[in-house]
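For the sequence shown, the working numbering gives the first residue as 1, with consecutive numbering after it.
Be aware that one or more of the hints could be misleading.
[As the list claims (entries may be wrong)] Quick list of in silico lysine to any residue cross-link-like pairs, SDA-like style, CA-CA up to 25 Å:
#1 Lys50 <-> Asn63
#2 Lys50 <-> Leu147
#3 Lys175 <-> Ile75
#4 Lys164 <-> Lys175
#5 Lys182 <-> Glu160
#6 Lys164 <-> Asn63
#7 Lys164 <-> Thr100
#8 Lys50 <-> Gly19
#9 Lys182 <-> Arg153
#10 Lys164 <-> Glu125
#11 Lys164 <-> Leu134
#12 Lys50 <-> Arg137
#13 Lys164 <-> Arg72
#14 Lys50 <-> Thr100
[Claimed, not checked] The calculated label-pair distances, taken between Cβ atoms and stated as ranges, are:
#15 Glu167 <-> Pro54: 31 to 37 Å
#16 Thr30 <-> Ala128: 23 to 29 Å
#17 Thr162 <-> Asp77: 31 to 37 Å
#18 Arg153 <-> His49: 18 to 24 Å
#19 Thr30 <-> Asn63: 38 to 44 Å
#20 Asp15 <-> Lys164: 33 to 39 Å
#21 Asp16 <-> Arg178: 17 to 23 Å
Simulated from the structure, these hints should not be mistaken for laboratory data. Glycine residues also receive a C-beta, built at the ideal position from the N, C-alpha and C atoms.
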Amino acid sequence: MLELVLLLAVTLSDDDEAGLARAIRAGDRTAFRTFFEAHHQALLRYLVHKQVAPDVAEDLVQNAFVYIWEQRHQIRDDGSLRGLLFRIGYTRALNHFRDTARLTGDLPDEAAPEADPGERMDVQEQVARAVARLPERRRAVFELCVLQGLTYREAAEALEITPKTVENHMGYALKAVREELKELRP
Numbered sequence: 001m002l003e004l005v006l007l008l009a010v011t012l013s014d015d016d017e018a019g020l021a022r023a024i025r026a027g028d029r030t031a032f033r034t035f036f037e038a039h040h041q042a043l044l045r046y047l048v049h050k051q052v053a054p055d056v057a058e059d060l061v062q063n064a065f066v067y068i069w070e071q072r073h074q075i076r077d078d079g080s081l082r083g084l085l086f087r088i089g090y091t092r093a094l095n096h097f098r099d100t101a102r103l104t105g106d107l108p109d110e111a112a113p114e115a116d117p118g119e120r121m122d123v124q125e126q127v128a129r130a131v132a133r134l135p136e137r138r139r140a141v142f143e144l145c146v147l148q149g150l151t152y153r154e155a156a157e158a159l160e161i162t163p164k165t166v167e168n169h170m171g172y173a174l175k176a177v178r179e180e181l182k183e184l185r186p
């Protein structure tokens, strides 16, 4: 079943997404279920990657889908439904961190732990460190585009910025990651 969901997430074209958006706006529960199955795991992975506890992330994902269903009459034809979903999830995660910080007085540390200078990290660890060092907005753009596979337009909608800003952030993020990886070359 998971493979089917992942396959669906990869194979939904912009036209399919637009058709789903229209059907969901009209109240089609089957279309909503298709949308849910196509994007549930991707949003969950994204939130967990943003250091939301898995059980809290599941609640936030469910809440994001419920919100879309309840507000389906406001879905626009000119926007990406997937981008909207990720924007809602991202906002809910920020709200969760803000509310948690009020109760505990601190926010989770998103920086990667310092590596022992004597250890040589593999490429994946080095990339993760480079991404963790990026400014928050640039890191969010990188994660949405590279890790979650959103288009620049979808990432722009999710973060409420322009596609050109996404493009600029990606350029700087990729440059930073490349610089970080230079250390691994002999």
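Consistency of the hints with the structure:
Proposed proximity of lysine 50 and asparagine 63 is supported: the alpha carbons are some 17 Å apart, at most 25 Å. Restraint check for lysine 50 and leucine 147: the C-alpha separation of about 12 Å stays at or below 25 Å, so the hint holds. A threshold of 25 Å between alpha carbons decides the hint, and for lysine 175 with isoleucine 75 the separation of about 36 Å lies outside it, so the pair is violated. Note on lysine 164 and lysine 175: the hinted pairing holds, with a Cα-Cα distance of about 17 Å set against a maximum of 25 Å.
With a C-alpha separation of about 33 Å, the suggested pairing of lysine 182 with glutamate 160 is violated against the 25 Å cut-off. Proximity of lysine 164 to asparagine 63 is assessed by CA-CA distance (about 30 Å); at most 25 Å being required, the pair is judged violated. Taking the CA atoms of lysine 164 and threonine 100, the gap is near 33 Å; set against the 25 Å cutoff, the hint is violated. This hinted pair does not check out: lysine 50 and glycine 19 have alpha carbons roughly 30 Å apart, beyond 25 Å.
A hinted pair counts as satisfied when its Cα atoms are at most 25 Å apart, and lysine 182 with arginine 153 does not qualify at roughly 30 Å. Distance restraint check for lysine 164 and glutamate 125: the Cα-Cα separation of roughly 29 Å exceeds the 25 Å cut-off, and the hinted pair is therefore not satisfied. As the CA atoms of lysine 164 and leucine 134 are separated by approximately 18 Å, the hinted pair is consistent with the 25 Å bound. Between lysine 50 and arginine 137, the direct Cα distance comes to roughly 12 Å. Compliance with the 25 Å bound is thereby established for this hinted pair.
For a cut-off of 25 Å, the pair hint linking lysine 164 to arginine 72 is broken: about 28 Å separates their Cα positions. Restraint check for lysine 50 and threonine 100: the C-alpha separation of about 14 Å stays at or below 25 Å, so the hint holds. With their beta carbons about 32 Å apart, glutamate 167 and proline 54 fall inside the hinted range of 31 to 37 Å. A C-beta distance of roughly 39 Å is found between threonine 30 and alanine 128, which places it outside the suggested range of 23 to 29 Å.
Against the hinted window of 31 to 37 Å, the Cβ-Cβ separation of threonine 162 and aspartate 77 comes to about 19 Å, which falls outside the hint. The hinted window of 18 to 24 Å between arginine 153 and histidine 49 holds, with their beta carbons roughly 21 Å apart. Take threonine 30 and asparagine 63: their Cβ atoms lie about 22 Å apart, and the range 38 to 44 Å is violated. Separated by about 24 Å at the C-beta atoms, aspartate 15 and lysine 164 break the suggested range of 33 to 39 Å.
Evaluation of the 17 to 23 Å hint for aspartate 16 and arginine 178 yields a failure: the beta carbon distance comes to about 34 Å.
Of the numbered hints listed earlier, those contradicted by the structure are 3, 5, 6, 7, 8, 9, 10, 13, 16, 17, 19, 20 and 21.
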